[in-house]
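When you get a sec, could you build the whole thing from the sequences and use the hints?
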Amino acid sequence: MSAILEVNQVSKYFGGVKANEGISLSVEQGSIAGLIGPNGSGKTTLFNSIVGTHPIDKGSIKFDGREISELPVPVIAKLGLLRTFQQTRIYGKLNCVQNMLISHKPKNDTIFSVFSKIPEELTSKAEMLLEFVGLFQKRKLRAGDLSFGQQKLLELAMALMNEPKMLLLDEPTAGINPTLINGIIDRLIKVNKEYGITLLVIEHNMKVIMNLAQKVCCLAHGQLLAEGLPEQIKDDKRVVDAYLGVQ
Amino acid sequence: MNKNNLFFYCLIIAFGLFAPFLFPAFKLQISFLWILIVLALTWDVQGGQMGYNTFGNVLFFGLGMYLCAGIQIGMFFPLDEWTASGGEKTFVHTPLQYFQGFFVGLLLAGVVPAIVAAIIGYGILGLRGHYFAICTLGLGIAAGEIAGGIELIGAGQGMTAPPWPKNIGDTELRSEFFYFSCLILFVVTFLFLKWAYQTRFGLVLNAIRDNEDKAEAMGIHTMRYKIIGWVVSAFFVGIAGGLVGNMIGYIEPVEVAFAGATYGVFMVLMAILGGKGTLWGPVIGATVFHIFKEGFWTFFLGWQYVALGILIVVIVVFFPEGIMGYLREKYPSQFGEIVDEEDLKAQVELK
Amino acid sequence: MQGPMDYLIFQVPILMVQAAMDGILLGILFALIAYGMALQWGVMNIINIAQGELVILGGYIAYTMYTIGIHPAFGIIVSPIIMFFLGWFLYKSIIHRVVDRDLFISILATFGISILAQQLMNFVFGADVVVAQSNFGTTMLFDERVTLPNAKIFSALVSIIFAIALIFYMKKSKLGRAIRATSQNSRAAKILGVDTEKVYAATFGINAALCGVAGTLIAITFTLHPYVGLPYTVRSFMIVIIAGLGNLPGVALSGMGLGVFEEFADYILGTEFRIGAVFLLLVLILVYRRFKLSRKREYLT
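Chains A, B and C, in that order, are what the protein sequence lines are.
So for the first sequence, the numbering used here puts the first residue at 691; every next one is plus one.
So for the second sequence, the numbering used here puts the first residue at 8; every next one is plus one.
So for the third sequence, the numbering used here puts the first residue at 26; every next one is plus one.
Think of the hints as simulated: they come from the structure by calculation, not from any bench.
Even for Gly, the Cβ is constructed at its ideal location relative to N, Cα and C.
All clues given are correct.
The following label-pair restraints were derived from C-beta to C-beta distances:
1) C:S319 with B:E88: 42 to 48 Å
2) A:I801 with B:V295: 36 to 42 Å
3) B:G163 with A:P809: 52 to 58 Å
4) B:K337 with A:P809: 33 to 39 Å
Structure, rendered in structure tokens:
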């Protein structure tokens, strides 16, 4: 299996702060990888670098064999690389179904399709995905009225609606009712197996990572600290030290 | 809402068609009502649906006004001689010339501002929030100031639009001609926007309003939609400008054409008053505003602008959601928002 | 007889020096108004569209003093005092309702206030263009080729003095520190016992007072008219976005730069295009900024 995402010696500086320094990692197509590390280790910055939110200072990022580090966000998204946000980003004044409909990736996206009608079938697909994340009953409510956890689920459904090749999830279970976490883990595994979507997940919840990821990368102080199978990382002394705050 | 909808539409069409005959003394005022509605509707495309509060749509209004009159004159006579003082008296349009000039002028009054919007849109629509607002404010006012310095179109003195040809009916016919022109503009604008909002265009504009970064992160080419929205507004606002220039008869750069202090402010206020982000909001807002303005302008003579200033502050501070917003809160079911208490309280279960 | 070479070698440079000096003196005044706007923007996140009207109103106070026989230069004391209380009152009555909301709402609300102010000034003071004569005389430089009204020099000096005084006040005084704390983190300041409502009202008042000083200087140096406020607002906005919110030397430099630009535009394009040039410059600056930032994939916020 080839790597769908190749991050090579990527560095990103904000003024004097080295948010990411020489990070190299790769994610196999069709796999689920985890990205862990204490707060401030540069995980979200790395996500932002990958999806093009800001330019990187050094290194290269290849998605599906193609260099994407110079590309703007919408172009990368159209190539099939999406991300969800730590603080949920949804369209507050639209209802859930509309949020879903706008997330669909149209086959023809030219200037002539600007005024195209939204096909009926999309609504059924949207509702099916909403059902998948448990939000069917809330589909007519305004997205802004949902709770934080529900918005997270909506964001996940919206990403699935777009049929990405790879999805970067930024703390998908943070802020979610613990009783739902297992359901989410199941769904993520299902999404990966049935739809073939590669996942790279930032998580603080070790239980989630252990159950979900096939490979785990750990960042600390902006650098890649360790990389390996979940069981190996779990017991790696350097990782434990990083989390316990040893300088 | 469908039966109600149909009823309202018929009512409005009936009113539109018969008003000039039922209320002949108010023909001009009702013509302006249609114009104001068009201005509010087009502002709402940026301000309400897309969340880009513009103070500069009046740029297209003035452009359309000068273009229309300029072409009406320039097609047959030398423009610079017309705009020299008293020059317009030496040239007389034949009826054929007048109407030819009028239709060509009106067409270009729509098309040229649309092209301008497309060209400057790439730069200006890249700005966000208050920077966009103030930049467009600067645009509108700069246009007025610069137009005031161009001799060809009359500079600070302005220019007169071609008068109605003498042997074609009387002032009544003129008023009716312009009345129906404005009515047609309103109907076309309203129907176009009604259709457009049902397409992907409408959803994308709303998405940009609610979370532009998210829309981009999901692969939407936001700039394309932003520009097209502005082009649409510019087209209709330009034609409105062309019509108003002809109706008033006298085009002055800062007070009439690039009238930031009047039409520029009105369009924002009307859309907010009625409820921005809705199709009917600007229509209602413009109607209410126009009625108050015509009614109270005479009472508040001298104090109109004080009243306007107070009105802006009151609406913006206390009723930012406008009339439609208020109705939506009170009767959500009428708006297709099923706020089922059960749905709201339901716990999400993932089995 | 003056030939074309004479003109090019002697007249043009002199004109340029005249324009530059006029521009610098004018720009210092702009910078003062911009400082007030930046203060308010930084502390309360409000863009005050009525800034120009506050300036003109401050000027009318000085003009009124002039009409009743008091030398208008004393307006630099009287006007800010009156304007401070007016600013406080405006905050308590209207502005406090829009502080926590959308920036656009504050733009619209202050826009409404500016329209109100224009009309009230028109009603009270009439629509004539007026000046408050200071009779300060003129300074001549370079063999009487460059003339600088002493009123302009006075304005620049007063602006500098007030700006420095304010900077010291903000650094040393209790209120000044409270204002700075609130601007950095209003919630934290509140928790630590700062009365943020008072800070906001005081900030608005200080801004109004600055406008009062500037208005007095404008009344002496230039002209007053109820409807010339907006260009002053636009100028301050431009200076603030070029210099950045916390950058005081930048505000001074940008102000002077803008002043010089205006004077040159006046000479080259003619006075009737002066204001148009200012607004057009605003548009160009913002568009330039937008393209520069988009290379870094950032946005003006």
